[in-house]
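Enquirer: Using the sequences plus the hints, can you model the full thing?
Number of protein chains: 2
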Amino acid sequence: MLSRDWSVPETDVLGAIHDACQSDRQAVLATIVRVEGSAYRRPGTKMLIDSDGDDVGSLTAGCLEDEVRSLATAVFKSGESRIERFDLSGDDDVWGLGIGCNGVIDILLEPLTDTFEPALRAFEDGENGTVITVLDSETEAFTRGDRTYYHDDAGEFHELVGTWPDDVLNRLKDPALTLATAGNAETVTVDILGSAVTLFCNGIAAPPKLVVFGTGYDAAPVVELARLAGFRVTVVGFRGAGTASDQFPDANRVVSSSPAQIRDALELDERTYAVVMSHNFVDDRLALEELVQSPVPYIGLMGPHKRFEEMLEAFADEDRTFTETELSSIYTPIGLDIGGSAPYQIAMSIVSEVLAVYNDRSPDHLRNRDAALHDRTEIVLDKQSQ
Amino acid sequence: MLSRDWSVPETDVLGAIHDACQSDRQAVLATIVRVEGSAYRRPGTKMLIDSDGDDVGSLTAGCLEDEVRSLATAVFKSGESRIERFDLSGDDDVWGLGIGCNGVIDILLEPLTDTFEPALRAFEDGENGTVITVLDSETEAFTRGDRTYYHDDAGEFHELVGTWPDDVLNRLKDPALTLATAGNAETVTVDILGSAVTLFCNGIAAPPKLVVFGTGYDAAPVVELARLAGFRVTVVGFRGAGTASDQFPDANRVVSSSPAQIRDALELDERTYAVVMSHNFVDDRLALEELVQSPVPYIGLMGPHKRFEEMLEAFADEDRTFTETELSSIYTPIGLDIGGSAPYQIAMSIVSEVLAVYNDRSPDHLRNRDAALHDRTEIVLDKQSQ
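For the protein sequence lines, the chains are W and C, in the order given. Throughout the first sequence, residue numbering follows numbering that gives the first Met the number 0, covering 0 to 385 in sequence. Throughout the second sequence, residue numbering follows numbering that gives the first Met the number 0, covering 0 to 385 in sequence.
Honestly, the hints are just simulated from the structure, not real lab data. For glycine and all other residues, C-beta sits at the position ideal for the given N, C-alpha and C. Incorrect hints may appear among the rest.
Stretches of chain W that chain C covers, calculated by requiring three or more beta carbons in the stretch to come under 8 Å of a beta carbon on chain C [said to hold, decoys possible]: (1) 53 to 63; (2) 151 to 163; (3) 219 to 227; (4) 337 to 343; (5) 350 to 358.
Expert: Rendered as structure tokens:
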């Protein structure tokens with residue numbers, strides 16, 4: 000169900016880069032490392048250009064990709080990384096004319112090496128990390144392309160290219176952790192023994208997970224849209240229901256479980272979002288009871304409010320009441336109030352709600368939002384590094 | 000990009016029924032004609048069962064479809080329409096057990112005939128209509144399956160099966176118009192010369208239209224998701240840009256135009272929703288000026304608020320200012336505030352916003368909504384018919 004290669008979910012772009020890392024194919028990796036002003040995509044956005052001209056991902060809405068492809072050809076020939084600046088603001092004669100992005104975009108092009116492999120493997124494994132790459136250095140101690148990788152789960156750096164003194168890594172640890180968790184990227188210039196070194200700190204957060212409890216016809220559109228929105232999706236069929244067939248080609252995983260045992264069968268952590276839609280009152284109730292005892296921040300329950308009230312009554316009959324905190328994570332009726340009653344419209348309402356909760360947004364119209372469109376991650380380096 | 004046949008957009012279900020009407024294939028049409036209590040899908044929902052067992056569309060989340068398929072086999076054999084009641088409420092022993100839909104669903108199964116063809120042709124042509132079918136009658140003047148069709152654009156009825164006295168049609172005209180516009184369906188019992196006749200009034204509203212101005216990489220996910228959400232989608236490339244390639248397989252139409260001439264080139268009516276994302280400041284501005292002079296209720300403009308302010312300044316330089324009414328239809332930054340910066344996440348934010356505006360909803364979480372989940376269309380029949 001995935002679209003053409005230049006507009007695929009981010010998870011698939013990183014997957015393609017990971018595949019290329021592990022293969023013998025020659026490829027060039029293009030990454031947005033800095034944006035001044037506004038641009039369609041943010042720092043950290045990647046595009047992979049294969050030596051045979053295929054590419055995966057895109058850096059803009061198509062404004063720069065042709066130029067990036069020809070630059071990649073030069074990188075294939077020279078084997079040398081390069082940084083290119085594209086001034087899309089109105090004042091620039093070459094790229095500015097009429098495009099109106101008002102942004103200046105710096106793009107790093109580099110021959111793809113296996114130095115990206117550990118970060119991408121961690122991503123596949125559901126772990127966060129930050130790849131730190133030297134863009135420019137005033138000191139010979141560092142060269143463009145020197146790279147270290149901070150692995151969040153392990154809490155330590157892997158030196159991949161170049162020599163990274165311990166005190167530098169110590170100063171980078173907190174920002175690396177912050178960026179890894181947020182999945183944001185920033186370019187910073189640090190002072191190392193009196194010389195300026197410019198680093199691109201590329202936080203790569205593991206994709207959030209969506210678990211869909213239910214294998215009805217209405218589950219497939221939820222799975223499909225959630226995958227497109229960048230979630231790792233697990234479908235859970237109770238007692239094997241619906242899990243044997245090829246009903247969910249878009250799911251990352253289809254498992255069978257019993258509703259009362261989902262906490263044992265699944266890793267329900269604070270990055271897991273749950274959608275309960277088995278259409279079976281008893282099963283939904285059992286699953287709900289398990290989910291409120293887990294750290295999942297979102298439990299979406301399909302069905303009208305009246306059904307949930309009946310569920311609460313059934314719980315009350317067993318002397319089970321819910322705290323405000325438990326209730327706050329339950330979203331029922333599930334979804335954003337965007338109207339529509341067709342399966343894909345309902346699925347869109349659900350996945351939009353999950354995204355809003357994941358991103359901690361209040362799902363109003365963006366034209367009513369006062370804050371900036373994108374959350375930036377402020378990172379603070381110690382005094383010496385400013 | 001469309002999913003399996005039992006969870007396809009409504010537009011595709013109706014398209015498949017239309018195809019079957021025009022072919023020699025034998026098929027049974029199953030339609031939800033009445034829901035008491037709550038159910039996943041609403042009256043008017045259709046499922047087509049082919050004589051070779053293929054089906055398109057679904058009536059529930061999979062709870063009843065197997066049974067509907069076997070009933071369809073009986074309809075194939077007998078050639079007779081039938082109405083089946085499924086009691087999914089907790090009190091019923093057969094279907095109620097644990098499912099917890101709390102609903103009673105009546106389903107009409109009928110051999111598909113070309114009596115549905117005019118309504119579906121109108122739908123394809125972007126016109127509204129209401130198909131009125133006799134479900135039960137105490138008088139011999141009507142038989143189950145008698146059918147008339149109200150064509151909104153023509154403002155008149157077509158008698159398709161049975162004899163429909165003028166006074167009956169006159170009484171049905173207003174409700175038929177109301178349901179056609181809303182795309183809602185209701186079953187009503189009317190008194191005809193002292194006898195009760197139960198009619199299923201199935202309003203079929205033409206699908207809303209989305210016009211995407213722009214052919215960048217970011218447009219394809221918008222087109223894909225809008226199609227899944229039930230929109231007819233036209234992509235407009237300015238001066239031929241992007242319109243020659245096979246870049247938009249999901250679009251219903253890809254056309255080339257000039258931004259200043261879109262009102263001539265396109266039918267921009269009150270059922271058309273516009274997304275302006277050419278990424279070209281001048282083109283976007285020209286298109287915006289055309290759109291605010293058209294009756295389109297929604298003009299989504301890609302880009303940060305600052306860009307729109309610059310656009311307003313450019314307009315002001317030409318002494319063009321906008322009224323509050325004009326500004327109210329402009330949504331910029333485009334989309335709902337659900338976070339995310341990847342192309343599909345942005346597309347979901349856009350299509351969710353268009354759905355919310357189309358359905359006149361305030362895009363909060365549904366758990367905060369006081370009103371019923373589904374809008375019902377109240378229809379009033381004259382006194383004699385109550």
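Enquirer: Quick one: which hint numbers does this structure break? Sort them smallest to largest.
Expert: Those not satisfied come down to hint 2.
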